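Undergrad: Note that UniProt numbering has the sequence shown beginning at 1, numbered continuously upward.
Hint data in this document are derived by calculation from the structure and do not stem from the laboratory.
Be aware that one or more of the hints could be misleading.
As the list claims (entries may be wrong) - Once the Cα atoms are required to be at most 27 Å apart in a straight line, the calculated BS3-like pairs of lysine-lysine come out as:
no. : residue 1 : residue 2
1   : LYS190    : LYS172
2   : LYS149    : LYS174
3   : LYS190    : LYS263
In this text, all values refer to a predicted model and were calculated from it rather than measured experimentally.
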Amino acid sequence: MAEKQALLDLQRQDGNGMCADCGKEDPEWASCNIGVFLCTECAGVHRGFGTDVSRVKSIKLDNWDTDQVKNIADVGNNAARCIYEAHIPPYYRRPRQSDPDVLKAEWIKAKYSRKEFEGPDKQTSYNSTRKEGVLYKRGRDDKRFHKRKFVLCRETNRLSYYSREVSRRDEKPKEEMNLDDVNAVFVPDKVNHTNGMQITYFHKGSTRNLFVYSDDSKDIVDWYHAIRAAKLERRRIAFPDRDVIELAEELTRDFILEGWLSKMGPRNEPFKKRWFTLDKRKLMYLEEPLNAYPKGEIFLGHKEGGYSVTLGASETSKNCTDYVFTLNTPDRKFVMSAETREDMNQWICELQKIIELPLTPQDTKLGSMLVAKKSDSFRGYFSR
1 MAEKQALLDL
11 QRQDGNGMCA
21 DCGKEDPEWA
31 SCNIGVFLCT
41 ECAGVHRGFG
51 TDVSRVKSIK
61 LDNWDTDQVK
71 NIADVGNNAA
81 RCIYEAHIPP
91 YYRRPRQSDP
101 DVLKAEWIKA
111 KYSRKEFEGP
121 DKQTSYNSTR
131 KEGVLYKRGR
141 DDKRFHKRKF
151 VLCRETNRLS
161 YYSREVSRRD
171 EKPKEEMNLD
181 DVNAVFVPDK
191 VNHTNGMQIT
201 YFHKGSTRNL
211 FVYSDDSKDI
221 VDWYHAIRAA
231 KLERRRIAFP
241 DRDVIELAEE
251 LTRDFILEGW
261 LSKMGPRNEP
271 FKKRWFTLDK
281 RKLMYLEEPL
291 NAYPKGEIFL
301 GHKEGGYSVT
311 LGASETSKNC
321 TDYVFTLNTP
331 DRKFVMSAET
341 REDMNQWICE
351 LQKIIELPLT
361 PQDTKLGSML
371 VAKKSDSFRG
381 YFSR
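Working from the sequences, and respecting the hints, build out all of it.
TA: Here's what the structure looks like:
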C-alpha cells in the first residue's frame with residue numbers, strides 16, 4: 001500500500017499528471033523502467049516493445065516494489081523528455097491525444113525503441129535532400145489502389161509520382177507537385193486503412209486529392225515528416241531572419257471538419273447530398289469522399305467582406321428541410337442542410353470561426369487563386 005500511495009503522490013508532481021507521450025490527463029499506467037506515466041492507449045504501444053524496452057504496470061491494480069517506485073521518482077515525465085526528446089526537429093509533429101493512431105504509435109516507437117531523437121543521424125529516413133519509395137495510390141478513375149513510385153526532391157521543391165512501381169531512367173513523372181502547395185492529412189477512416197493519407201495540391205486551378213497508404217506504418221509517417229521537413233527548409237531559406245518555431249507552424253494542417261451535407265443548387269434546385277471538407281478558408285464539396293477533384297470550392301473571406309453564416313434559408317429558397325443554414329458570400333448564397341441539429345450547429349460554429357479570423361497574406365493568395373478559377377469557369381466554380 002505504501003508503494004501505491006507513493007506512486008499517487010508522484011503522479012501529482014509537476015509534469016506527471018498527464019501522459020508522457022500524448023498529454024492525456026490523469027494517466028493510469030506507468031513504465032517502471034523508463035520512468036514515465038502513461039495513458040491506457042499509449043501504454044498499449046509500450047507493451048508491444050517487450051519488457052526489455054518498456055515494462056508497463058497499472059498504477060492502481062498492479063503490485064509495485066520499492067525499486068520500481070524509486071525509478072519513477074528518479075526520472076518522471078519531465079526528466080524523461082530531456083532524454084528521449086532531446087533532438088526533436090522543429091518540423092516533427094508531436095502528437096496529442098486526439099491525433100491519428102498511426103502518428104501516436106510511431107512517435108512512441110521513435111522515442112523509446114528506435115531512439116530517433118538522440119541525434120540527427122537517426123532521422124535520415126525523413127530528413128534528406130531526396131526521398132524515394134513506393135506507396136499505394138488510389139486510381140483517379142478505377143477506384144483501386146496501385147503501387148506507385150513517389151519521389152520527393154528538395155532541390156526542385158517537387159513531390160512527384162510515376163505511373164508504375166518502378167520507373168525507367170528516362171521516364172517522366174505522371175504528376176509533379178509544387179511542395180509549397182502540398183498538404184498532407186491522415187485520413188484512415190476515409191481510405192479504410194490505418195495508414196491512409198490524403199495529399200492535396202493545386203492542379204490546373206483546382207484542388208487535386210491523392211489518396212495513398214503504405215502497409216508499413218513507419219513508412220507513411222516518414223513520408224509525412226519528409227514533406228514537412230522539406231517545406232520548413234524552403235521557408236528557412238526564404239525567411240532566414242524569422243524564428244524557426246514560427247516558420248514551422250502549419251507545415252501541414254488537418255482538416256477542420258468533414259462530413260455529409262445536402263446542398264441546394266444555384267437556382268433553387270433540389271438538395272443533393274455532397275461530401276464537404278473544411279480546409280481552413282477553403283470549403284470543398286464532392287460527390288464522394290474519395291473523388292480526385294471537388295465539384296466546387298468556396299473561399300471563406302472575412303465577415304467585413306460580405307461573408308456570413310445564418311440559420312435557415314432566404315424566402316426565395318424552396319425545397320427546404322430541417323436543419324438548414326446558409327453560407328452567404330458576395331457572389332452567392334449556399335443553402336445547406338444537415339441531418340441533425342448537432343451537425344448543423346457544428347458546421348455553423350466552425351464556419352463562423354473562420355469568417356471572423358483576419359485574413360493573412362496566404363489567405364489572400366488562396367482567395368485570388370479560387371477567384372481566378374471562378375472567372376475561368378463560372379460553371380465549374382458553382383457546380384452542383
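Undergrad: Evaluate each hint against the coordinates.
TA: Hint check results:
1. The hinted pair formed by LYS190 and LYS172 fails the criterion: a straight-line CA distance of about 30 Å is larger than 27 Å.
2. At roughly 10 Å between alpha-carbon atoms, LYS149 and LYS174 fall within 27 Å of each other, so this suggested pair holds.
3. A hinted pair counts as satisfied when its Cα atoms are at most 27 Å apart, and LYS190 with LYS263 qualifies at roughly 21 Å.
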